[in-house]
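Listed below are the residues making up each chain.
There are 2 protein chains.
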Amino acid sequence: MVIHIYNDILDEIKPSDTQRKNMLDFSNKLMDIITSYASSQGINITCHLVGSMAKKTSLVNKADIDIFMAFSLDCPPEDLKKYGLEFGRHAIETMNAKSQLRFASHPYITGLFDDYEVDFVPCYKISDASQLRSAVDRTILHTEYIQSHMSDSEADEVLLLKKFMSSVNTYGANYKVSGFSGYLCELLILRYKSFDNVIREAATNWSEGVEIDLENYGTCGNYSDPMIVIDPTDANRNVAAALTIDKFSEFIIAARNYLDNPSREYFSKHIINTSKDELSNAFIERGTSTYVLKCQLEHLPTDVIYPQINKTTNSLERVSRGYDFSVIGTRYYMDDNDVMYIIIEYETSSLSNIKIHNGPRIDDVKNSNNFKNKYPDSYIHKNRLQTIKNRKYSDVMCMLRSILKKENMSILKLGKNVKESLIDNYEIYSIHEFIKKEEDLDEVYLYLHPTYELSR
Amino acid sequence: MVIHIYNDILDEIKPSDTQRKNMLDFSNKLMDIITSYASSQGINITCHLVGSMAKKTSLVNKADIDIFMAFSLDCPPEDLKKYGLEFGRHAIETMNAKSQLRFASHPYITGLFDDYEVDFVPCYKISDASQLRSAVDRTILHTEYIQSHMSDSEADEVLLLKKFMSSVNTYGANYKVSGFSGYLCELLILRYKSFDNVIREAATNWSEGVEIDLENYGTCGNYSDPMIVIDPTDANRNVAAALTIDKFSEFIIAARNYLDNPSREYFSKHIINTSKDELSNAFIERGTSTYVLKCQLEHLPTDVIYPQINKTTNSLERVSRGYDFSVIGTRYYMDDNDVMYIIIEYETSSLSNIKIHNGPRIDDVKNSNNFKNKYPDSYIHKNRLQTIKNRKYSDVMCMLRSILKKENMSILKLGKNVKESLIDNYEIYSIHEFIKKEEDLDEVYLYLHPTYELSR
Numbered sequence: 001m002v003i004h005i006y007n008d009i010l011d012e013i014k015p016s017d018t019q020r021k022n023m024l025d026f027s028n029k030l031m032d033i034i035t036s037y038a039s040s041q042g043i044n045i046t047c048h049l050v051g052s053m054a055k056k057t058s059l060v061n062k063a064d065i066d067i068f069m070a071f072s073l074d075c076p077p078e079d080l081k082k083y084g085l086e087f088g089r090h091a092i093e094t095m096n097a098k099s100q101l102r103f104a105s106h107p108y109i110t111g112l113f114d115d116y117e118v119d120f121v122p123c124y125k126i127s128d129a130s131q132l133r134s135a136v137d138r139t140i141l142h143t144e145y146i147q148s149h150m151s152d153s154e155a156d157e158v159l160l161l162k163k164f165m166s167s168v169n170t171y172g173a174n175y176k177v178s179g180f181s182g183y184l185c186e187l188l189i190l191r192y193k194s195f196d197n198v199i200r201e202a203a204t205n206w207s208e209g210v211e212i213d214l215e216n217y218g219t220c221g222n223y224s225d226p227m228i229v230i231d232p233t234d235a236n237r238n239v240a241a242a243l244t245i246d247k248f249s250e251f252i253i254a255a256r257n258y259l260d261n262p263s264r265e266y267f268s269k270h271i272i273n274t275s276k277d278e279l280s281n282a283f284i285e286r287g288t289s290t291y292v293l294k295c296q297l298e299h300l301p302t303d304v305i306y307p308q309i310n311k312t313t314n315s316l317e318r319v320s321r322g323y324d325f326s327v328i329g330t331r332y333y334m335d336d337n338d339v340m341y342i343i344i345e346y347e348t349s350s351l352s353n354i355k356i357h358n359g360p361r362i363d364d365v366k367n368s369n370n371f372k373n374k375y376p377d378s379y380i381h382k383n384r385l386q387t388i389k390n391r392k393y394s395d396v397m398c399m400l401r402s403i404l405k406k407e408n409m410s411i412l413k414l415g416k417n418v419k420e421s422l423i424d425n426y427e428i429y430s431i432h433e434f435i436k437k438e439e440d441l442d443e444v445y446l447y448l449h450p451t452y453e454l455s456r
Numbered sequence: 001m002v003i004h005i006y007n008d009i010l011d012e013i014k015p016s017d018t019q020r021k022n023m024l025d026f027s028n029k030l031m032d033i034i035t036s037y038a039s040s041q042g043i044n045i046t047c048h049l050v051g052s053m054a055k056k057t058s059l060v061n062k063a064d065i066d067i068f069m070a071f072s073l074d075c076p077p078e079d080l081k082k083y084g085l086e087f088g089r090h091a092i093e094t095m096n097a098k099s100q101l102r103f104a105s106h107p108y109i110t111g112l113f114d115d116y117e118v119d120f121v122p123c124y125k126i127s128d129a130s131q132l133r134s135a136v137d138r139t140i141l142h143t144e145y146i147q148s149h150m151s152d153s154e155a156d157e158v159l160l161l162k163k164f165m166s167s168v169n170t171y172g173a174n175y176k177v178s179g180f181s182g183y184l185c186e187l188l189i190l191r192y193k194s195f196d197n198v199i200r201e202a203a204t205n206w207s208e209g210v211e212i213d214l215e216n217y218g219t220c221g222n223y224s225d226p227m228i229v230i231d232p233t234d235a236n237r238n239v240a241a242a243l244t245i246d247k248f249s250e251f252i253i254a255a256r257n258y259l260d261n262p263s264r265e266y267f268s269k270h271i272i273n274t275s276k277d278e279l280s281n282a283f284i285e286r287g288t289s290t291y292v293l294k295c296q297l298e299h300l301p302t303d304v305i306y307p308q309i310n311k312t313t314n315s316l317e318r319v320s321r322g323y324d325f326s327v328i329g330t331r332y333y334m335d336d337n338d339v340m341y342i343i344i345e346y347e348t349s350s351l352s353n354i355k356i357h358n359g360p361r362i363d364d365v366k367n368s369n370n371f372k373n374k375y376p377d378s379y380i381h382k383n384r385l386q387t388i389k390n391r392k393y394s395d396v397m398c399m400l401r402s403i404l405k406k407e408n409m410s411i412l413k414l415g416k417n418v419k420e421s422l423i424d425n426y427e428i429y430s431i432h433e434f435i436k437k438e439e440d441l442d443e444v445y446l447y448l449h450p451t452y453e454l455s456r
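So the protein sequences, as listed, match chains A and B.
With the numbering used here as the guide, the letters of the first sequence map in order to residues 1 to 456.
With the numbering used here as the guide, the letters of the second sequence map in order to residues 1 to 456.
Keep in mind the hints are simulated off the structure, nothing from the lab.
As the structure is a computational prediction, the values presented were derived from the model and not from experiment.
Among the hints, a few may not be true.
[Unchecked claim] Each pair of labels, with its calculated beta carbon distance range:
| # | chain 1 | residue 1 | chain 2 | residue 2 | range |
| --- | --- | --- | --- | --- | --- |
| 1 | B | Asn222 | A | Asn222 | 45 to 55 Å |
| 2 | A | Lys405 | B | Arg361 | 38 to 48 Å |
| 3 | B | Glu117 | A | Lys389 | 46 to 56 Å |
| 4 | B | Gly218 | A | Glu211 | 51 to 61 Å |
| 5 | B | Arg361 | A | Lys81 | 44 to 54 Å |
| 6 | B | Arg361 | A | Asn96 | 51 to 61 Å |
| 7 | B | Asn7 | A | Asn390 | 29 to 39 Å |
| 8 | A | Glu144 | B | Arg361 | 48 to 58 Å |
| 9 | A | Lys437 | B | Glu438 | 48 to 58 Å |
| 10 | A | Lys389 | B | Thr302 | 27 to 37 Å |
| 11 | A | Ile423 | B | Arg361 | 34 to 44 Å |
The beta-carbon is built from N, C-alpha and C at its ideal position, and this holds for glycine as well.
Could you build the full structure based on these sequences and the hints that come with them?
Take a look at the structure:
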């Protein structure tokens with residue numbers, strides 16, 4: 001592989017020594033402010049710089065700082081929450097910055113400083129996973145494990161891997177992507193040593209259920225996920241649990257594409273270049289019937305709303321199929337203004353008015369008599385009764401409008417928030433109306449070219 | 001049940017004593033002519049009146065006479081054929097009637113007399129089924145079995161059963177009907193004693209695989225047909241082998257309908273009363289796309305041509321489904337001029353231009369690389385590749401016209417004779433054109449009301 005491109009890429013994506021020094025100095029200053037303030041309040045905590053910054057695996061411009069305040073295990077949870085917010089706010093105010101309250105498993109406070117965004121997160125000081133009180137408590141263990149096991153050059157390989165994964169859209173454990181987390185990327189490099197090796201292994205040796213167990217805990221057999229990577233700090237956790245089979249597969253395909261053509265282009269986003277005419281013609285050629293459901297949602301965290309949109313899309317597809325409207329494909333996304341879009345492509349927009357409805361076996365006297373009474377026009381097909389029934393819906397748009405009515409909506413499995421927004425208001429466009437009307441059509445392009453991001 | 005209607009019905013359907021005596025006298029005369037002529041030629045045969053007439057189970061106006069000439073087992077087959085034709089022709093000429101050559105397993109000769117049609121069939125004189133040389137040899141055994149086991153009143157019950165079966169269109173072992181043979185009706189009466197009992201048993205106790213073994217041979221287990229009736233003259237023959245599951249089911253349903261309403265109407269054909277408008281509107285309401293394939297065939301025996309039409313219809317349905325045109329139903333028939341009609345109803349006449357084509361698992365590196373090379377637009381669906389392929393046909397009429405071209409026809413499984421006729425010429429009509437054009441639309445009505453004949 002062409003190693004020299006990696007140096008060029010690292011020059012672009014790795015924070016400089018000065019940037020890194022400034023950031024560390026700034027973090028240390030904040031941590032000093034907090035520790036002395038806490039001790040002045042008679043509370044004993046230790047502050048930790050955690051996350052990719054601490055592990056030297058943060059990409060330039062994504063350099064947000066995570067400061068964890070570790071309380072002793074005998075501190076009651078209410079106190080931990082209260083002091084966590086108080087100490088963070090104190091550091092932010094001392095530096096004359098703005099603060100913002102955010103939520104993960106507990107509320108935490110974020111400081112919006114000139115050069116950085118800093119999260120101040122309270123957690124418990126644990127020495128191993130058995131003492132875990134909440135998900136954030138692991139973070140310090142993870143940071144320490146990577147710090148103590150990863151060389152600086154391996155950290156650079158992590159940067160390449162993260163950049164590649166971002167560019168092919170497989171990076172991020174959040175529900176929007178359901179891909180590879182930063183920690184998972186780090187463990188892959190610890191396992192395979194270099195970016196090139198990860199690519200080669202993925203391209204040629206990975207298959208569903210691939211196992212990585214750095215500490216030889218022998219617990220892989222407990223999992224049936226697409227990929228099983230045992231957390232070195234917790235024998236009973238699969239770090240890749242959130243990775244979907246689709247993203248796993250996409251990374252494998254991207255890795256194969258890259259091996260075929262190891263171009264620098266794989267380290268930046270694949271720019272989409274399309275036009276309204278091109279898109280509209282593509283749908284005309286397909287001879288299908290495609291619709292877009294558009295709905296304004298309330299503002300909610302990505303990890304709350306994306307699973308609901310996913311559920312809604314799957315449910316629309318399943319219910320459509322139940323009414324015999326065959327679905328070619330779907331794609332969902334949300335824009336920056338919390339507007340949800342669901343693209344759904346049907347084989348045809350209209351069906352016959354009737355369908356065959358199978359009845360009981362003829363030698364089942366009781367049920368076949370009941371069936372014949374219920375359907376006087378029933379007839380014989382081999383050893384069974386059949387009848388012709390009217391379809392509830394022969395037009396796909398009627399079907400969609402009907403199942404989205406408040407009184408019929410219970411047939412769909414929607415998330416709570418999506419459901420409330422759909423009751424308020426939604427629009428359905430034919431894909432052609434939609435293309436005419438909207439400006440940002442990248443997602444429509446990606447619907448038609450779902451592997452566009454995986455190749456260059 | 002209302003017994004008195006049966007007497008009325010028998011009055012109509014049973015030949016009178018005079019008719020029967022005339023027929024027996026006439027048959028005996030013919031048999032005398034043949035036996036003395038044969039003996040004058042030095043050939044030793046016995047003549048037998050066989051079939052329903054001999055068994056007193058023939059319906060009035062269906063009183064054709066079957067005379068079997070039984071040769072000794074040491075007569076070579078060529079001689080049997082030759083003498084069979086010669087002796088029959090001699091009897092016909094002696095009586096100044098016309099003769100006609102016909103074919104079953106051998107050729108045989110039919111005499112067209114003023115009052116009767118008489119078949120003269122040569123066969124071997126066998127004493128049990130183990131000596132069987134051809135299918136016709138059984139006939140004498142069957143006739144003798146019924147003559148020696150059935151009372152006159154039971155023969156009347158057979159008449160009722162045959163008449164009922166004819167009226168609901170389940171009578172006849174030929175390939176046009178694939179229903180109950182006359183001999184099977186006789187065995188049913190021997191088993192259940194009366195028409196009413198057959199009806200009651202069928203309606204309430206018959207299920208697929210019902211077994212009747214009058215001579216307790218214990219051979220039912222060798223068969224897996226819808227109905228198993230061991231031939232009393234041959235432990236290794238199922239008399240109901242030609243009965244299809246559909247006709248078996250239809251008789252059961254007709255029997256249940258009759259029990260619900262034991263009307264005289266069940267002993268005559270159910271007259272169809274429809275109009276072009278009614279039929280056309282019914283198809284419009286169904287919102288489907290229905291076509292009729294019409295083709296002039298050459299004149300061939302029913303049992304040769306019907307299996308071919310059946311095969312053709314099934315094949316058209318299977319190939320249509322293979323191209324994703326979903327078939328609601330089919331019906332075929334032939335008119336008196338050997339014109340074949342196949343009605344085929346599709347859910348829709350047009351499909352999208354594209355369809356999903358599934359590829360290999362992604363972890364199957366070799367095949368997934370091949371697939372990706374073959375279909376550069378392939379994409380990921382879970383752990384597999386998929387691609388969008390253009391359909392060969394998106395319009396049903398184009399598909400039909402194309403697969404019926406001589407060069408494409410091999411995709412269809414057609415009988416030899418149907419195939420040759422289709423190559424010459426055929427027409428396809430939309431059901432609405434067809435209804436406008438044709439006069440006899442009973443079969444179209446029966447397509448829409450497939451159980452019409454089973455109820456009154």
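Here's how the hints hold up against the structure:
1. B/Asn222 x A/Asn222: 45 to 55 Å: With a Cβ separation near 53 Å, B/Asn222 and A/Asn222 satisfy 45 to 55 Å, so the hint holds.
2. A/Lys405 x B/Arg361: 38 to 48 Å: holds (41 Å)
3. B/Glu117 x A/Lys389: 46 to 56 Å: Cβ of B/Glu117 to Cβ of A/Lys389: about 48 Å, so the range 46 to 56 Å holds.
4. B/Gly218 x A/Glu211: 51 to 61 Å: holds (60 Å)
5. B/Arg361 x A/Lys81: 44 to 54 Å: Hint holds: Cβ distance 48 Å, inside 44 to 54 Å.
6. B/Arg361 x A/Asn96: 51 to 61 Å: holds (58 Å)
7. B/Asn7 x A/Asn390: 29 to 39 Å: With Cβ atoms ~46 Å apart, the hint is violated.
8. A/Glu144 x B/Arg361: 48 to 58 Å: violated (39 Å)
9. A/Lys437 x B/Glu438: 48 to 58 Å: With Cβ atoms ~51 Å apart, the hint holds.
10. A/Lys389 x B/Thr302: 27 to 37 Å: Since A/Lys389 and B/Thr302 have Cβ atoms about 35 Å apart, the given range 27 to 37 Å holds.
11. A/Ile423 x B/Arg361: 34 to 44 Å: Given about 42 Å between the Cβ atoms, the range holds.
In this structure, the hints that do not hold are numbers 7, 8, in rising order.
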